[in-house]
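Trainee: Residue numbers (full-length UniProt numbering), protein chains in the order written: chain A, 1 to 89; chain B, 1 to 424.
Simulated from the structure, these hints should not be mistaken for laboratory data. A quick note: this is a predicted structure, and the numbers were derived from the prediction, not measured. Beta carbons are placed, not taken as given, at the ideal position from N, Cα and C, and that holds for glycine. Some hints could be false.
[To be verified] The calculated lysine to aspartate or glutamate pairs, modelled on EDC-like cross-linking and capped at a C-alpha distance of 20 Å, are: (1) A:23 to A:69; (2) B:215 to B:317; (3) B:296 to B:317; (4) A:35 to A:59; (5) A:35 to A:14; (6) B:296 to A:16; (7) B:252 to B:310; (8) B:384 to B:317; (9) A:50 to B:310; (10) B:296 to A:59; (11) B:423 to B:277; (12) B:311 to B:424; (13) B:5 to B:218; (14) A:50 to B:277; (15) A:23 to A:60; (16) B:193 to B:310; (17) A:50 to B:276; (18) B:296 to A:77.
[Unchecked claim] The following label-pair restraints were derived from C-beta to C-beta distances: (19) B:280 to A:41: 22 to 30 Å; (20) A:74 to B:154: 14 to 22 Å; (21) B:194 to A:44: 44 to 52 Å; (22) A:74 to B:176: 43 to 51 Å; (23) B:308 to A:13: 42 to 50 Å.
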Amino acid sequence: MSGVAATIKVMPADADTDLNALKEAIKAAIPASGKLNGEIIEEPIAFGLKALMVTVIVEDDEGGIEPVEDALNEIPEAESVSVINLDRI
Amino acid sequence: MAAEKPHMNLAVIGHIDHGKSTFVGRLMFETGAVPPHVIEKFKEEAKLKGKESFAFAWVMDSLKEERERGITIDIAHKRFDTEKYYFTVVDCPGHRDFVKNMITGASQADAAVLVVAAPDGVMAQTKEHIFLSKTLGINQLIVAINKMDAVKYDEARYKEVIEQVSAILKMIGFKPDEIPFIPTSAFEGDNIKENSPNTPWYKGPSIIQALNNLKEPEKPTSLPLRIPVEDAYTISGIGTVPVGRVETGIMKKGDAVCFMPSGATGEVKSIEMHHEEIPQAVPGDNIGWSVRGIGKNDVRRGDVCGPAGDKAPTVADEFTGQIVVLQHPSAITVGYTPVFHSHTAQVACMFMSIDKKLDPKTGQPKEENPAFIKAGDAAIVTFKPMKPMVLEPAKEIPQLGRFAVRDMGMTIAAGVCLSVKKKE
């Protein structure tokens with residue numbers, strides 16, 4: 001069994017979304033098949049908008065990162081969720 | 001670290017037991033990328049257990065342990081330098097469900113090393129991996145015919161395996177004549193750094209020389225502008241701001257742009273990256289840009305921003321694609337309508353006609369208009385999107401010409417777009 005580290009970019013619902021609350025919601029939403037790696041990082045995009053970068057580790061043979069993506073997509077304050085990097089560890 | 005050298009993402013692909021980890025371990029060892037304390041530990045271990053434990057996979061395992069101990073994954077562990085480039089190894093996840101993320105995501109490999117074990121030759125997974133590399137836009141390939149020690153460095157066997165691999169490469173659109181094939185033993189270190197006395201019949205480059213011979217990846221700035229929209233925001237005092245990553249082309253302040261399939265048009269008022277205004281955006285830039293003349297509801301995720309006029313993004317009424325079926329519980333027939341993921345778009349598309357099934361051995365069509373296709377098949381299929389979507393022929397704009405097919409929570413197939421019937 002080997003792990004896969006996925007870097008997931010979560011965009012807030014709007015420019016005024018409380019990012020700390022969103023971070024907590026992300027931490028709470030990550031299903032048992034995934035493990036949060038390190039801190040959730042704020043990345044400036046444009047015009048005051050910030051993305052949250054979340055690194056989650058899942059098992060390679062557990063069937064992908066989809067369950068994590070789906071769970072994060074359920075968060076009302078998250079506008080979009082995209083996996084931007086994958087790496088076997 | 002050698003910041004002046006050009007950087008390349010290198011994917012190492014191949015069947016699960018063909019020695020990928022040993023290969024990467026050996027490569028990092030020979031290029032001096034393994035930290036001295038790991039090598040020391042490695043030597044001790046080897047001494048303790050005798051020569052049979054002298055597997056370079058061990059180096060990779062130790063690095064993995066190191067990383068797992070740390071709080072944060074540090075991908076710097078998988079970097080190595082040659083004279084000309086510095087490389088980051090892209091270690092592709094094995095599970096097929098990650099294919100969707102590799103197609104829609106950002107981590108693109110610039111080149112790949114395909115590892116094929118000489119005793120086994122081409123396996124089902126080898127074909128799949130070569131196809132996926134092409135789908136993912138990797139055009140530069142090096143083929144290592146590995147585990148040559150296990151076939152007593154037999155040139156005849158080496159040539160047999162080359163023939164098998166070449167047939168698949170041809171089918172998928174690579175040119176075998178332009179690809180270096182190298183007999184290696186990652187375990188023994190043959191032809192990794194220098195040409196080995198064990199293969200006196202081989203006169204070509206070593207793996208490291210072949211890596212140096214790769215062409216430097218170019219940013220696709222000369223292609224028409226394409227920015228798949230990730231999200232659109234309304235920001236007070238600014239207006240409508242789409243965000244996304246530039247895939248191809250250049251966007252400058254003042255440009256007239258359009259958003260397809262929505263059809264909205266406007267003028268670029270300002271572009272920001274990392275909260276700083278920039279005069280122009282190039283491929284790879286993650287930007288937000290404000291556009292005069294559009295409202296928030298005129299543009300949405302899945303739209304593609306491009307130049308207004310005749311180079312606008314192509315909206316597909318129908319398209320033809322070459323796909324490989326990765327997994328499906330039964331048979332796929334005409335009428336099947338799964339969800340296609342391409343750039344930021346997700347649109348259901350119907351299998352209109354299954355035009356050809358391809359023979360993996362010759363690359364020739366094996367069957368015209370087959371009644372069905374199933375897992376493991378490669379085929380040419382015509383699709384109809386159920387809602388308007390932007391897709392480009394991969395030959396013209398590869399970044400917008402690949403897709404993953406999803407159904408039942410699985411990645412069913414991966415494909416490239418061959419041609420598009422434009423929606424008028």
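Trainee: State for each hint whether it applies.
Mentor: Evaluated hints:
{"no.": "1", "hint": "A:23 to A:69", "in the structure": "15 Å, holds"}
{"no.": "2", "hint": "B:215 to B:317", "in the structure": "36 Å, violated"}
{"no.": "3", "hint": "B:296 to B:317", "in the structure": "26 Å, violated"}
{"no.": "4", "hint": "A:35 to A:59", "in the structure": "10 Å, holds"}
{"no.": "5", "hint": "A:35 to A:14", "in the structure": "27 Å, violated"}
{"no.": "6", "hint": "B:296 to A:16", "in the structure": "16 Å, holds"}
{"no.": "7", "hint": "B:252 to B:310", "in the structure": "18 Å, holds"}
{"no.": "8", "hint": "B:384 to B:317", "in the structure": "6 Å, holds"}
{"no.": "9", "hint": "A:50 to B:310", "in the structure": "34 Å, violated"}
{"no.": "10", "hint": "B:296 to A:59", "in the structure": "39 Å, violated"}
{"no.": "11", "hint": "B:423 to B:277", "in the structure": "36 Å, violated"}
{"no.": "12", "hint": "B:311 to B:424", "in the structure": "14 Å, holds"}
{"no.": "13", "hint": "B:5 to B:218", "in the structure": "14 Å, holds"}
{"no.": "14", "hint": "A:50 to B:277", "in the structure": "15 Å, holds"}
{"no.": "15", "hint": "A:23 to A:60", "in the structure": "25 Å, violated"}
{"no.": "16", "hint": "B:193 to B:310", "in the structure": "50 Å, violated"}
{"no.": "17", "hint": "A:50 to B:276", "in the structure": "13 Å, holds"}
{"no.": "18", "hint": "B:296 to A:77", "in the structure": "18 Å, holds"}
{"no.": "19", "hint": "B:280 to A:41: 22 to 30 Å", "in the structure": "27 Å, holds"}
{"no.": "20", "hint": "A:74 to B:154: 14 to 22 Å", "in the structure": "57 Å, violated"}
{"no.": "21", "hint": "B:194 to A:44: 44 to 52 Å", "in the structure": "47 Å, holds"}
{"no.": "22", "hint": "A:74 to B:176: 43 to 51 Å", "in the structure": "48 Å, holds"}
{"no.": "23", "hint": "B:308 to A:13: 42 to 50 Å", "in the structure": "29 Å, violated"}
Against the hints set out earlier in the document, violations occur for numbers 2, 3, 5, 9, 10, 11, 15, 16, 20, 23.
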